[in-house]
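Following the hints, position chain B against chain A.
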Amino acid sequence: MTVQEWTFVMVGMSFAIYILIAFKSRAQSTSDFYVAGKGVNPIVNGMATAADWMSAASFLSMAGLIAFLGKDGSVYLMGWTGGYVLLALLLAPYLRKFGQFTVPDFIGERYYSNTARVVAVLCLIFISFTYIAGQMRGVGIVFSRFLEVDINLGVLIGMGIVFVYAVWGGMKGITYTQVAQYTVLIFAYLVPAIYISIIMTNNPIPQLGFGSTLAGSPEFLLDKLDKVTTDLGFTAYTENTKSKIDVFCITAALMVGTAGLPHVIVRFFTVPSFRAARKSAGYALIFIALLYTTAPAVSAFARMNLIDSIQDTEYSNSPQWFQNWETIGLIAWKDKNSDGLIRYSSGNALDGIKPVYIDGEGSSGERLVLNEPDFSNENEVYIDRDIIVLANPEIAKLPFWVIALVAAGGVAAALSTAAGLLITISSAISHDLLKKTFMPRISEKQELLYSRLATAFAIGIAGLFGIYPPAFVAQVVAFAFGLAASTLFPVLLLGIFSKRLNKEGAIAGMLIGLIFTAGYIIYFKFLAPELNTSDNWLFGISPEGIGFIGMLINVSVSLIVSSLTSPPPKEVSSMVEGLRQP
Amino acid sequence: MDYYWKANLKILFCLLTIWFIVSFGFGILLSDWLDQFRIGGFKLGFWFAQQGSIYVFILLIFTYVFLMGRLDKKVSAERDKKDS
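So the protein sequences, as listed, match chains A and B. Under numbering that gives the first Met the number 0, the residue at position 426 of the first sequence is numbered 425, and the numbers go up by one with no gaps. Under numbering that gives the first Met the number 0, the residue at position 31 of the second sequence is numbered 30, and the numbers go up by one with no gaps.
Just chain A, with the same shape it has in the complex:
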């Protein structure tokens, strides 16, 4: 069978399983729809949380990013796992004890204010839609590369599948499909990693393999990688390029942002008790760590393989994957010195960085690009970082079924995250905006109907994002974490750990955190991107890390404003008191 046939089989089978599970676990009540009836086993919820959390970005893009960033890539590894410690110790058990359906629910009740609730809903919707746009693009990439269907058709198929099980099953259906999706995605991630680890280092455990010696050589893989990268003009692989303060702030912003993401928090509302919530966060992190500790190994293998397999080869002899991805438009080669050999080193190959392809072939048969070469360096190759995980099995010449499995894994990662986000958005609309704020008289049955309609509506918008991807998707990811860190996390944390924090303080804190963080990111990413260098940043902190400063500002403002205004009513203090008891 060809790769394409294998992919049809793998992706098709996984879809059939998801639909079957959804049919078996339909939602009957609003409690089923929002929080899966609060009856999910902590281990099962841990697995569902892992699938919910690990998106197309974790699965497809992260290892590629780290392969090019080297040690700086640790901001993602620590940032996206360390947040679970905060979640397990500071938020999840208390929010579960509170026992309502959504994150804005807690904010609305704790700060006895519908204004606070609505501000929280707006932050939640913005954060979640930002995220979804990336998922749909991931589905599109996988479909276009491996099934050779149009990207738009791929997005429509993905939407159709999510529509069936999210609208039908709500949180209950999603939970059990996420378990299946986790199984598919982790298997798809580990199998090629283990294969490649054995090929390169004779060690079947990737986590140990990338600290071992290369097969048939006494040299350690990372030492060789340091040498090769330095020779080509890059920073050594195991050293930082970014400044310490920036690495510190980005890691902190991602950790705090992770703990404040509504679609992750709400997963802990589905377990039976606050004790189960604690335990479940631990299991979630184990399942996540399986992928997150493998990713840096995959990165190191990929970087090494990539350099080995293309450096100084003739274009006509270049590997098949190189030309495949060139056809898709994610690789480009400009023969700067006209010697017919591929030369890969540091610096941009092309003026304007991203290639703009034109019809026709160059003298070696390569795709022509409109861009002028960037003669300030010798690099001749443009490589989109997103392709590393998908291309890695091809680069390492693994069997076809492994390549197909990776494609199915990428789709599973994207769909599971998209579904979790959709439920979060729809419950914020039907529960917080309609039932709790604007239409308090609707019955439970009507609320359930509205939440299904809201889900369908949100899927439609998510699909539009996939078909007409906004050019700013990559830029706005910093936004999602920055906003979660600087708006939602502080009000949740202080809501539990400070009895004195009142409505005025919380609203002022959220607004200041929002304005400061959004302002900083918009300024450097959109208004004046040419100034986006470390010389111009506040204390040398990049827009990716500014959410941490936004959080500190939010906390200080909340506490100061609260101390100047009247304390919260008695019922609220006793509610907080109740959250703190076993």
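FYI, nobody ran anything at the bench for these hints, they're computed from the structure. Since the structure is predicted, the reported quantities are computational estimates derived from the model, not experimental observations. By construction, the Cβ of each residue, glycine as well, lies at the ideal position given by its N, Cα and C atoms. Fair warning: there could be bad hints in the mix.
Distance windows between CB atoms, simulated [said to hold, decoys possible]:
| id | chain 1 | residue 1 | chain 2 | residue 2 | range |
| --- | --- | --- | --- | --- | --- |
| 1 | B | Phe65 | A | Ser565 | 40 to 46 Å |
| 2 | B | Ile38 | A | Glu4 | 41 to 47 Å |
| 3 | A | Thr436 | B | Tyr2 | 45 to 51 Å |
| 4 | A | Ser242 | B | Phe65 | 23 to 29 Å |
| 5 | B | Ile38 | A | Phe186 | 25 to 31 Å |
| 6 | A | Glu570 | B | Gly39 | 57 to 63 Å |
| 7 | A | Ile18 | B | Phe12 | 43 to 49 Å |
| 8 | A | Thr182 | B | Ile38 | 30 to 36 Å |
| 9 | B | Asp31 | A | Tyr111 | 45 to 51 Å |
| 10 | A | Phe538 | B | Tyr2 | 37 to 43 Å |
| 11 | A | Gly38 | B | Phe65 | 23 to 29 Å |
| 12 | B | Ile38 | A | Asn531 | 34 to 40 Å |
| 13 | A | Glu4 | B | Arg69 | 54 to 60 Å |
| 14 | B | Trp4 | A | Asp307 | 53 to 59 Å |
Chain B in isolation, oriented as in the chain A frame:
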């Protein structure tokens, strides 16, 4: 029930201190200094930044689960004693 909350805060403080030292300390601030030591093919600072910190995070959560479970039991046993 003040006792329960204070004990909880003490546990939180200890565990979060370890959390900070391992990730922000070993993985970032002290990372270059730790790089002079090695485990196998890894420089130690690099290992903490890309592997070790994650393993410690898992241990921290399960330590918290264990300590709080013990505290919950102790408190409910005392409550039963008072009732009877």
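Each hint tested on the structure:
no. : hint                           : verdict
1   : B:Phe65 / A:Ser565: 40 to 46 Å : holds (41 Å)
2   : B:Ile38 / A:Glu4: 41 to 47 Å   : holds (44 Å)
3   : A:Thr436 / B:Tyr2: 45 to 51 Å  : violated (39 Å)
4   : A:Ser242 / B:Phe65: 23 to 29 Å : violated (38 Å)
5   : B:Ile38 / A:Phe186: 25 to 31 Å : holds (29 Å)
6   : A:Glu570 / B:Gly39: 57 to 63 Å : holds (58 Å)
7   : A:Ile18 / B:Phe12: 43 to 49 Å  : holds (48 Å)
8   : A:Thr182 / B:Ile38: 30 to 36 Å : holds (32 Å)
9   : B:Asp31 / A:Tyr111: 45 to 51 Å : holds (49 Å)
10  : A:Phe538 / B:Tyr2: 37 to 43 Å  : holds (42 Å)
11  : A:Gly38 / B:Phe65: 23 to 29 Å  : holds (24 Å)
12  : B:Ile38 / A:Asn531: 34 to 40 Å : holds (38 Å)
13  : A:Glu4 / B:Arg69: 54 to 60 Å   : holds (56 Å)
14  : B:Trp4 / A:Asp307: 53 to 59 Å  : holds (58 Å)
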